[in-house]
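Asks: Given next are the chains, with one letter for each unit.
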Amino acid sequence: MSDTYFEILRSGTNSSIQDKGRTHLYHIGITISGAMDQRIFSISNALVNNNLNEGVIEFAYQGPLLQLKNGSVNFVITGNVVFNILRKNSIIEEGKRFQSYLLEKEDQIDIIYTKDSVFGYLAIEGGFKIEKVWDSYSVNTKAKIGPNNGEKFSAGEKIYIKKSEVNNFVKKKIDYNNSVTTTIRTTKGTNFDYFSEEAKNKFFNEEYQVTNLSDRMGMRLEGPKLENIVNTNIKSEGLVKGVVQVPADGNPIIMFSDHGSIGGYPKIAVVITADHDKAAQLAPGSRIKFKEVNLDEAESLFKTYSKDTKSYLEKIK
Amino acid sequence: MIKNISNLGDAAIYCDFGKDVNEKINSNVISYFNHLKKLIRENKIEGITNLTPSYNKLIISFDLSITNFKKITKILENLKVINNNRQDSKKIKIPLCCDEKYALDLISLSKKLNISRNGIIDLHLNKEYYCYMTGFIAGMPFLGDIHESIRVDRLQTPRVKVPKGSIGITEQFCNIYTFESPGGWNIIGNTPLKVFDKLNLNSPSLIKPGDKVSFYKITKQEYLNWNE
Numbered sequence: 001m002s003d004t005y006f007e008i009l010r011s012g013t014n015s016s017i018q019d020k021g022r023t024h025l026y027h028i029g030i031t032i033s034g035a036m037d038q039r040i041f042s043i044s045n046a047l048v049n050n051n052l053n054e055g056v057i058e059f060a061y062q063g064p065l066l067q068l069k070n071g072s073v074n075f076v077i078t079g080n081v082v083f084n085i086l087r088k089n090s091i092i093e094e095g096k097r098f099q100s101y102l103l104e105k106e107d108q109i110d111i112i113y114t115k116d117s118v119f120g121y122l123a124i125e126g127g128f129k130i131e132k133v134w135d136s137y138s139v140n141t142k143a144k145i146g147p148n149n150g151e152k153f154s155a156g157e158k159i160y161i162k163k164s165e166v167n168n169f170v171k172k173k174i175d176y177n178n179s180v181t182t183t184i185r186t187t188k189g190t191n192f193d194y195f196s197e198e199a200k201n202k203f204f205n206e207e208y209q210v211t212n213l214s215d216r217m218g219m220r221l222e223g224p225k226l227e228n229i230v231n232t233n234i235k236s237e238g239l240v241k242g243v244v245q246v247p248a249d250g251n252p253i254i255m256f257s258d259h260g261s262i263g264g265y266p267k268i269a270v271v272i273t274a275d276h277d278k279a280a281q282l283a284p285g286s287r288i289k290f291k292e293v294n295l296d297e298a299e300s301l302f303k304t305y306s307k308d309t310k311s312y313l314e315k316i317k
Numbered sequence: 318m319i320k321n322i323s324n325l326g327d328a329a330i331y332c333d334f335g336k337d338v339n340e341k342i343n344s345n346v347i348s349y350f351n352h353l354k355k356l357i358r359e360n361k362i363e364g365i366t367n368l369t370p371s372y373n374k375l376i377i378s379f380d381l382s383i384t385n386f387k388k389i390t391k392i393l394e395n396l397k398v399i400n401n402n403r404q405d406s407k408k409i410k411i412p413l414c415c416d417e418k419y420a421l422d423l424i425s426l427s428k429k430l431n432i433s434r435n436g437i438i439d440l441h442l443n444k445e446y447y448c449y450m451t452g453f454i455a456g457m458p459f460l461g462d463i464h465e466s467i468r469v470d471r472l473q474t475p476r477v478k479v480p481k482g483s484i485g486i487t488e489q490f491c492n493i494y495t496f497e498s499p500g501g502w503n504i505i506g507n508t509p510l511k512v513f514d515k516l517n518l519n520s521p522s523l524i525k526p527g528d529k530v531s532f533y534k535i536t537k538q539e540y541l542n543w544n545e
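Protein chains in written order, with the working numbering: chain A, 1 to 317; chain B, 318 to 545.
What the hints contain is simulated information worked out from the structure, not anything from laboratory work.
Wrong hints could be hidden among the right ones.
What the hints assert, rightly or not - With a straight-line Cα cutoff of 16 angstroms, these simulated EDC-like cross-link-like pairs (lysine to aspartate or glutamate) come out: (1) A:K144 with B:E497; (2) B:K388 with A:E299; (3) B:K515 with A:E227; (4) B:K407 with B:E445; (5) A:K235 with B:D462; (6) A:K235 with B:D380; (7) A:K235 with B:E488; (8) A:K235 with B:D333; (9) B:K410 with B:E394; (10) B:K537 with B:D462; (11) B:K515 with A:E151; (12) A:K202 with A:E227; (13) B:K387 with A:E299; (14) A:K303 with B:D380; (15) B:K387 with A:D296; (16) B:K388 with A:D135; (17) A:K235 with B:D337; (18) B:K515 with A:D135; (19) A:K20 with B:D462; (20) A:K144 with B:D514; (21) B:K387 with A:E297; (22) A:K142 with B:E445; (23) A:K235 with B:D470.
To be verified - Calculated from the model, a selection of chain A residues having no Cβ within reach of chain B, i.e. all distances over 10 angstroms: (24) S11; (25) K129; (26) I145; (27) K172; (28) Y176; (29) N205; (30) E206; (31) T211; (32) K235; (33) K267; (34) T304.
As the list claims (entries may be wrong) - Computed spacing ranges between beta-carbons, pair by pair: (35) A:L213 with B:K336: 42 to 48 angstroms; (36) B:E497 with A:E314: 44 to 50 angstroms; (37) A:A283 with B:K408: 47 to 53 angstroms; (38) A:K88 with B:P480: 48 to 54 angstroms.
Just so it is clear, CB atoms sit at the ideal spot from N, CA and C, and this is done for glycine as well.
I would like the entire structure built from these sequences, with the hints used as guidance.
Replies: Shown next, in the form of structure tokens:
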């Protein structure tokens, strides 16, 4: 039997394979990468009966147009995504997110855009026939690390599928509440006291706007400039996802999954883990406010976040 | 050895070993790093996902669904770490070609420092360097300390593309660009040696924190004929 694969007819703006990400490599300069929205990434795998860390296609803004060659697949799209399924008999089906579909050979998936958000996921039952690099499927296009030589997908490529045919398709779906947030909760950063009292007040009380200079590496914000009264550089040191750095120009940057492993700008705050997914989904132009929480609150908010994720996953079983 | 422990967000611990950048403080950082790495490998600590040593800090990242700040802080407080860095460090010699084609900033440095081009190179070749950390881009070693008379600031306008293999200097440090990358260090030459091998999954970095590195000069012909 011939191999089953997707032919990429249109690649979309930033489509790549992602999983949960890498660990234990920061010290050699390789960052975590992995899905920007970890919750809906896990849910996408659960909806097609995969283990929760299987590699999926992550896309941003405009997604890919894919045609299935040979066989059949069970797929799902998660995220606030508008997409169509173009059946081979020319019937266009409007796709519903968070529910699985059976796709037959020659059918196409047209992922049009991520509405009021940034990232969406396409998972298929059994996963893609792709080799892990450093124990992860995740692609880091900035560092050229990961499968596909660390490159995003481009038109004309083929993405091979492990499971050539679906024998007993059972539709699975959940109702997912895509809440959009305007408040990002943070703990104080390790250089919080590098900033003037006025800057500290502005940071937690005024609005910041997400700019176009935002990607998997980081999100640049624009708003009240933050005055540094100690030093606009620090000795280079480790970074983690969620760190809010402030370079000399006074505009904060939130570090995301593909951030450099070390950096030398002062850290005013760190986005709590419970808000990483929500922050990543803020489209350019969004207006946000930072809210300060302490470590205990951050930990308990994470427990709530985990409980919510678990309850979505349990609904799927 | 750790002067202060604080939280960096809710899923990382920030260990401060002192404000200065020197070999002694850094070797304390690396001793902790090696010690913790061993405990992780032997499954004696749960939930740690990353260790990031730098000049004078160690950041410990963890999975908040498995452990938390309090639990790891407690482990750190009870840890008995000795500075054993010398045992693990190795000596590495790096070939360096300073032909005009590769030494992109040598002429301007010579003017700025008022030292001849050969004089700068000799001062650079005459020292053994200590690797404080690797990172920023995969495998990039941060080496120091370079001779006081050749210390300069970063370029005013960073290059969009620094060629792979470039050897750069700034402040008290020297580094090697393991990949083509943007960067603002002053480039004094290039090495044909593969300092980072992404296909060697077990040991991709030739130079590790704590290692001693020295450079030796090769000609352009030797550079072009280099074969590993």
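Asks: Check each numbered hint from earlier against the structure, then list the numbers of those it violates in ascending order.
Replies: Of the numbered hints given earlier, those the structure breaks are 3, 6, 9, 10, 16, 19, 22, 26, 32, 33, 35, listed in rising order.
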